[in-house]
Amino acid sequence: RKEVEQDPGPFNVPEGATVAFNCTYSNSASQSFFWYRQDCRKEPKLLMSVYSSGNEDGRFTAQLNRASQYISLLIRDSKLSDSATYLCVVNGNTGGFKTIFGAGTRLFVKA
Amino acid sequence: DAEITQSPRHKITETGRQVTLACHQTWNHNNMFWYRQDLGHGLRLIHYSYGVQDTNKGEVSDGYSVSRSNTEDLPLTLESAASSQTSVYFCASSERGQRETQYFGPGTRLLVL
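Protein chains in written order, with our numbering: chain H, 1 to 111; chain G, 1001 to 1113.
Hint data in this document are derived by calculation from the structure and do not stem from the laboratory. Yeah, the Cβ is synthetic: ideal placement off N, Cα and C, and Gly gets one too. Any given hint might turn out to be false.
[Said to hold, decoys possible] Straight-line Cα separation of at most 30 Å, BS3-like style, residue types lysine-lysine; simulated pairs:
hint, chain 1, residue 1, chain 2, residue 2
1, G, Lys1057, H, Lys79
2, H, Lys42, H, Lys79
3, H, Lys98, H, Lys45
4, H, Lys110, H, Lys45
5, H, Lys110, H, Lys42
6, G, Lys1011, H, Lys79
7, H, Lys79, H, Lys45
8, H, Lys2, G, Lys1057
9, H, Lys45, G, Lys1057
10, H, Lys110, H, Lys79
11, H, Lys110, G, Lys1057
12, H, Lys98, H, Lys2
13, G, Lys1057, G, Lys1011
14, H, Lys98, H, Lys42
15, H, Lys2, H, Lys45
16, H, Lys45, G, Lys1011
17, H, Lys42, H, Lys2
[As the list claims (entries may be wrong)] Which residues of chain G face chain H? A few of them, derived with a C-beta cut under 10 Å, are:
hint, residue
18, Ala1002
19, Ile1004
20, Phe1033
21, Glu1100
22, Gly1105
23, Leu1111
[What the hints assert, rightly or not] Under 10 Å between C-beta atoms, here's a sample of chain G residues computed to sit facing chain H:
hint, residue
24, Trp1027
25, Gln1037
26, His1041
27, Gly1042
28, Arg1044
29, Leu1045
30, Gly1063
31, Ala1092
32, Glu1095
33, Thr1101
34, Gln1102
35, Tyr1103
36, Pro1106
37, Arg1109
38, Val1112
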């Protein structure tokens, strides 16, 4: 089982739709969580951190469920410019460097 | 503006050749990382450094080496390129104590024939 798993998609949604992605992680000792965005043939860029109580940044909402070991990203009112791959990132401070990137979920927003 | 650059952006080489990929950042970040990205695998850590003269192996370090002689640069060397090392390579940096908030370079696409 991979340490961090994401549905690869693609998710095809119309403009204005609400879409949600989940990401599961296997290490219960994981301590910090993030979502990165990667455009086609570009580098990943930090989208937002994920806090235990959940957090919003405009149209984006991130949530953490420690009991079930998953994080989620909700995008409301999807825009064409939201089309990208969304990478889930999980970090556990169990010694050494342990930041794991998921393989990503592809999103296509259509006009 | 501060930035992180990689060179070359594209490289074609032959198996057995030594290849060095450059990474240069002007953020003055202590932490620097090298990843490779392959379809279905996501980003996998090759090597990382927490400061000058510090280097550490990541998840997929076999066949790769790095050195850190100054804060700005972390070159990645493929000792003897193999076809399995065909990939997109990303360099990243972050501030001390902020390992996960990483700033990535534009990537180098390497093809080993």
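Going down the list of hints, with the structure as the test:
1. G/Lys1057 to H/Lys79: With Cα atoms ~40 Å apart, G/Lys1057 and H/Lys79 exceed 30 Å; violated.
2. H/Lys42 to H/Lys79: Within the cut-off at roughly 19 Å; holds.
3. H/Lys98 to H/Lys45: 19 Å, holds
4. H/Lys110 to H/Lys45: Cα-Cα ~22 Å, so holds.
5. H/Lys110 to H/Lys42: 20 Å, holds
6. G/Lys1011 to H/Lys79: 35 Å, violated
7. H/Lys79 to H/Lys45: OK: H/Lys79 and H/Lys45 at ~18 Å, within 30 Å.
8. H/Lys2 to G/Lys1057: 20 Å, holds
9. H/Lys45 to G/Lys1057: 23 Å, holds
10. H/Lys110 to H/Lys79: 8 Å, holds
11. H/Lys110 to G/Lys1057: Not satisfied, since the Cα-Cα distance of roughly 42 Å exceeds 30 Å.
12. H/Lys98 to H/Lys2: Roughly 14 Å between the alpha carbons, so the hint for H/Lys98 and H/Lys2 holds.
13. G/Lys1057 to G/Lys1011: 24 Å, holds
14. H/Lys98 to H/Lys42: 24 Å, holds
15. H/Lys2 to H/Lys45: Cα-Cα ~22 Å, so holds.
16. H/Lys45 to G/Lys1011: Cα-Cα ~23 Å, so holds.
17. H/Lys42 to H/Lys2: 24 Å, holds
18. Ala1002: 15 Å, violated
19. Ile1004: It holds, given that the least Cβ distance between G/Ile1004 and chain H is near 9 Å, below 10 Å.
20. Phe1033: 8 Å, holds
21. Glu1100: With a minimum Cβ separation of about 5 Å from chain H (threshold 10 Å), the hint on G/Glu1100 holds.
22. Gly1105: 6 Å, holds
23. Leu1111: Where the cut-off is 10 Å and the nearest Cβ of chain H is about 15 Å from G/Leu1111, the hint is violated.
24. Trp1027: Given a least distance of 14 Å, the restraint on G/Trp1027 is violated.
25. Gln1037: 9 Å, holds
26. His1041: 6 Å, holds
27. Gly1042: 4 Å, holds
28. Arg1044: 8 Å, holds
29. Leu1045: The hint holds - G/Leu1045 has a Cβ within 10 Å of chain H, the shortest such distance being about 7 Å.
30. Gly1063: Result: violated, 19 Å to nearest chain H Cβ.
31. Ala1092: It holds, given that the least Cβ distance between G/Ala1092 and chain H is near 8 Å, below 10 Å.
32. Glu1095: This interface hint is violated because 12 Å lies over the 10 Å limit.
33. Thr1101: 6 Å, holds
34. Gln1102: 7 Å, holds
35. Tyr1103: Holds - the Cβ of G/Tyr1103 comes within 10 Å of chain H, reaching about 8 Å at its closest.
36. Pro1106: With a minimum Cβ separation of about 6 Å from chain H (threshold 10 Å), the hint on G/Pro1106 holds.
37. Arg1109: This hint holds: G/Arg1109 lies near chain H, its Cβ roughly 9 Å from the closest one there, short of 10 Å.
38. Val1112: 19 Å, violated
Of the numbered hints given earlier, the model fails hints 1, 6, 11, 18, 23, 24, 30, 32, 38; all others are met.
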